[in-house]
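> Chain residues, written in single-letter form:
Number of protein chains: 2
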Amino acid sequence: MKVRVTITPKQGILDPQGVTVERALPALGFQGVTDVRIGKHIELRYDPPGGVSAEQARTDVDDMCRRLLANPIIEDYTFELDEG
Amino acid sequence: MKVRVTITPKQGILDPQGVTVERALPALGFQGVTDVRIGKHIELRYDPPGGVSAEQARTDVDDMCRRLLANPIIEDYTFELDEG
Chain A
1 MKVRVTITPK QGILDPQGVT VERALPALGF QGVTDVRIGK HIELRYDPPG GVSAEQARTD
61 VDDMCRRLLA NPIIEDYTFE LDEG
Chain B
1 MKVRVTITPK QGILDPQGVT VERALPALGF QGVTDVRIGK HIELRYDPPG GVSAEQARTD
61 VDDMCRRLLA NPIIEDYTFE LDEG
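Chains as they are written, first to last, in our numbering: chain A, 1 to 84; chain B, 1 to 84.
Do not take every clue at face value.
Since the list can't tell identical chains apart, any single copy or any two copies may satisfy a pair.
Stated by the list, open to error - Lysine to aspartate or glutamate pairs mimicking EDC-like chemistry, simulated, CA-CA at most 20 Å apart:
| # | residue 1 | residue 2 |
| --- | --- | --- |
| 1 | Lys40 | Glu83 |
| 2 | Lys40 | Asp76 |
| 3 | Lys2 | Asp15 |
| 4 | Lys10 | Glu55 |
| 5 | Lys40 | Glu22 |
| 6 | Lys10 | Glu83 |
Hints in this document: simulated from the structure, not taken from any laboratory.
Just chain A, with the same shape it has in the complex (with noise of 0.2 Å):
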């Protein structure tokens, strides 16, 4: 099955990507944009040998996500799961 994961900087950690982003857009000549934090987009595809139920691989996923790709005390993840 295709994964889609989005990790997001936790509200109140300091994102240094997103001020750098926001700081140059004016010089660009793009007035108006505030807010801007930076995450990471995964995509995989997961299809465990013998196969899984979903609600197994939402907790694999969950798992894969705590463990090694996003990390937990700084950021939040959400994720997707796609038959197919």
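Since the structure of chain A is already known, use the hints to place chain B on it.
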């Protein structure tokens, strides 16, 4: 309005971060993960002084993506606008 931009490496472009994650997952006990691609997820507010039409906002955000947020040579991007 709220803007959400998703940036992904183009098909065929090497994604070393994705390769690294893919190699690390089996060591953590996750079998069957393939095609890992890591891109960016950007959230921002766009409220230009005087306001803009939805159409103009789309044009402006597309411009921001091409000129600063993404690298169109090696990355694809999509975005969605949300009033409010």
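> Decide, hint by hint, whether the structure agrees.
Right, here's what the structure says about each hint:
In this assembly of identical chains, Lys40 and Glu83 lie within 20 Å of each other by CA distance neither inside one copy nor across copies; the values are 22 Å within and 23 Å between. Both within a single protomer and between protomers do Lys40 and Asp76 lie at most 20 Å apart by alpha-carbon distance, with minima of 10 Å and 14 Å respectively. For the homomeric pair Lys2 and Asp15, the shortest alpha-carbon distance between copies (18 Å) is at most 20 Å, but the shortest distance inside one copy (29 Å) is not. Taking the shortest Cα distances, Lys10 and Glu55 never come within 20 Å of each other, neither inside one copy (26 Å) nor across copies (31 Å).
Proximity of Lys40 and Glu22 under a CA criterion of 20 Å is satisfied in both settings, with 17 Å inside one chain copy and 16 Å between copies. In this assembly of identical chains, Lys10 and Glu83 lie within 20 Å of each other by CA distance neither inside one copy nor across copies; the values are 29 Å within and 23 Å between.
The structure does not agree with the numbered hints 1, 4, 6 stated previously, though it agrees with the rest.
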